[in-house]
Amino acid sequence: MSNENLIKKDQTEIDHLTKFLIKNIDLSNEPNFFEFCFVSFQNNSLEKCVVCALPITDRIFRVTGKRYNGQGSSCMQCQKSVDGIPFTIYPTMQIDSIDCFHEKFPLGCYVCNRTILSLIGQ
4 MSNENLIKKD QTEIDHLTKF LIKNIDLSNE PNFFEFCFVS FQNNSLEKCV
54 VCALPITDRI FRVTGKRYNG QGSSCMQCQK SVDGIPFTIY PTMQIDSIDC
104 FHEKFPLGCY VCNRTILSLI GQ
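Following this note's numbering, the numbering of the sequence shown begins with 4 at its first residue and continues without gaps.
Treat the hints loosely; a few may be bogus.
Claimed, not checked - Simulated restraints on C-beta separations:
(1) Asn116 <-> Thr21: 51 to 61 Å
(2) Ile101 <-> Ile25: 33 to 43 Å
(3) Asp18 <-> Pro94: 31 to 41 Å
(4) Arg117 <-> Thr95: 42 to 52 Å
Because the hints were derived from the structure by calculation, they are not lab data.
Even glycine gets a Cβ: it sits at the ideal position worked out from N, Cα and C.
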């Protein structure tokens, strides 16, 4: 067995044991706060991202009252973070930077049909 397969097997076993431990802790009716492992603590106490539903372990990015993590607060088109740049958000909670939004939905002049580009900051 190669080292890579052994590592994968070990990680699978650790994941299985962690899930088993969390299940047993969750089923226990005893209020013993020292029984929480790190994974159980994250799953039960940290706020979750509205896009990926993962616990937010770093900065919380709030948009219209919803919480996003670093991955959830990135443009769906170019995958760049929208922290500090203009962006738009869809009803499905997906985020696009303004540049990608204008590429996807270009505004056209009614008279000449040419694309209307906005200047940065306007």
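* Could you check the hint for me, namely that Asp18 and Pro94 are 31 to 41 Å apart, CB to CB? => Once the Cβ atoms are compared, 35 Å apart, the range 31 to 41 Å for Pro94 and Asp18 holds.
* Between Arg117 and Thr95, is the Cβ distance one that fits in 42 to 52 Å? -> Cβ of Arg117 to Cβ of Thr95: about 30 Å, so the range 42 to 52 Å is violated.
* Between Asn116 and Thr21, is the Cβ distance one that fits in 51 to 61 Å? -> 59 Å, holds
* Ile101 and Ile25, beta-carbon distance inside 33 to 43 Å? -> Distance hint for Ile101, Ile25 holds at roughly 42 Å.
Comparing the model with each earlier hint shows a violation of hint 4 alone; every other hint is respected.
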